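S.K.: Use the sequences and the hints to build the structure in full.
Protein chains: 2
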Amino acid sequence: MAKRRPVGNLLALAVLAALVERPRHPYEIAAVLRARGKDQDMPIKWGSLYTVVANLERHGLVAAVESARQGRRPERTVYRITEAGRAELVDWTRELVAVPEREQPRFEAGLSVLGVLAPDEALDLLRLRLDRLEGQLAAQRAALAGHAREVPRVFLIEAEYDLAVRQAEATWVRGLLDELTTGALPGLAEWRAWHETGAVPPEWADLADLTERGTEPH
Amino acid sequence: MAKRRPVGNLLALAVLAALVERPRHPYEIAAVLRARGKDQDMPIKWGSLYTVVANLERHGLVAAVESARQGRRPERTVYRITEAGRAELVDWTRELVAVPEREQPRFEAGLSVLGVLAPDEALDLLRLRLDRLEGQLAAQRAALAGHAREVPRVFLIEAEYDLAVRQAEATWVRGLLDELTTGALPGLAEWRAWHETGAVPPEWADLADLTERGTEPH
DNA sequence: GGCCGTATACTCGCCTACGAGTAATCGGTG
DNA sequence: CACCGATTACTCGTAGGCGAGTATACGGCC
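Chains as they are written, first to last, in my numbering: chain A, 1 to 218; chain B, 1 to 218.
Because the hints were derived from the structure by calculation, they are not lab data.
Please note: incorrect hints may appear among the correct ones.
As the list claims (entries may be wrong) - If you anchor each label on the Cβ, the simulated ranges turn out as follows: (1) A/Gly8 x B/Arg102: 19 to 27 Å; (2) B/Gly146 x A/Pro202: 18 to 26 Å; (3) B/Arg58 x A/Arg149: 20 to 28 Å; (4) B/Gly175 x A/Ala63: 20 to 28 Å; (5) B/Ala184 x A/Pro202: 55 to 63 Å; (6) A/Ala64 x B/Arg58: 38 to 46 Å; (7) B/Ala184 x A/Arg76: 40 to 48 Å.
Just so you know, these numbers come straight off a predicted model, no measurement behind them.
For glycine and all other residues, C-beta sits at the position ideal for the given N, C-alpha and C.
M.R.: Quick look at the structure:
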């Protein structure tokens, strides 16, 4: 379903989007991304940037315009987007918007092995996460409000989306914490017993099999 | 903040978790992951699996136990987890649970370049996404309910988390659709005009600069 | 008992990602 | 006006990710 892209790195999408406005050289692209806050804690991977631009060129999605050197500075190659590049940008965007894909967030990976921790420790760590999350959310909300004064909201929807999703995460964590503290979560007692005694609780004995949770119907 | 892991691939986490139960050979690890539905549309990357196991061994987190061949089948190397491996598993899990990290979901990337589409098309695509998302959610809910009858809920929290987050996404998309259809979204008119006439609306003229949205305070 | 489809169990090699290095220029300061 | 740190603008090397291929074994069926 999700088509194979000639250049798969999402950085390529940002590059194409930057070049659609006007031709630029790679470093300027990076500057634009940084200025627009597109990097947000992704401190721009220089290696990837140049690889990605080179690959885009190889596939005819961008083309070198001029390779001028001002003074005796290192040569700067300016790229423009091609028709194929425009088409790819639009098509890729369509796919990203229309096709929901199951991703593998790191927190989910952590949750899936939560059992290796003792329940009480898990509880502490989740509390810690919630605190930090709420801090980040407050900061994000403030930043968003600041931007909203300068720029129409259409330009800020990704940020709003992010906020909404992380908000939901916070809510969910709060719910889980609740079930853990009240002991309402089924299986909690066995989990605790297992970590205290080291023995697999009898209720779980038959789950340790290869077929644990059964084979998914695909 | 987020420590550098000797083996960074999240597949390594799953491998360690599988080996903590008992020693296995790589193919069996894959089988276990598949049986537990850990793969879920990530059709197990064989190349990565063996690279990851080799790297884990190189860093002393797992160790080869036996390298027996039954009959004349290709040699199977069975690995066990080491003390260092256990420590890494626990430490990594702690980090994943306690430290919320800003991720870059593909949908967010799509939203950030949504402007390259005409507003009406964006609307259609978002509707499409919502439909598909709701379908997937229904399927996931059904699968979860099925599992919940066989396994205590502690084992299903990742799935519940995923459900909650995607649910929030659906809600958010519904909200956005609403603002787009009623025309309530500020900037929508300009966006539409821009796509119809091809000219950048005067209100946005000064945004096209390098400093668009201003430089984030870091 | 021979054939074939499916499961088992990897190996190989290319391509990509990205960190760390390099080198010139510019702006400010004492 | 010499020096230093920041900024501009890349280059290079390597480690890791992953698809596609390979080869054997097993079970069922005619």
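S.K.: Confirm or reject each hint.
M.R.: Right, here's what the structure says about each hint:
For the pair glycine 8 of chain A and arginine 102 of chain B, the beta carbons lie near 21 Å from each other, so the given range of 19 to 27 Å is met. Judged by the Cβ atoms, the range 18 to 26 Å given for glycine 146 of chain B and proline 202 of chain A holds: they are separated by roughly 24 Å. The hint said 20 to 28 Å for the Cβ distance between arginine 58 of chain B and arginine 149 of chain A, and at roughly 53 Å that hint is violated. Evaluation of the 20 to 28 Å hint for glycine 175 of chain B and alanine 63 of chain A yields a failure: the beta carbon distance comes to about 40 Å.
The hint said 55 to 63 Å for the Cβ distance between alanine 184 of chain B and proline 202 of chain A, and at roughly 58 Å that hint holds. The supplied range of 38 to 46 Å is met by alanine 64 of chain A and arginine 58 of chain B, whose beta-carbon atoms lie about 41 Å from each other. Evaluation of the 40 to 48 Å hint for alanine 184 of chain B and arginine 76 of chain A yields a pass: the beta carbon distance comes to about 44 Å.
When the structure is compared with the earlier hints, violations turn up for hints 3 and 4 and for no others.
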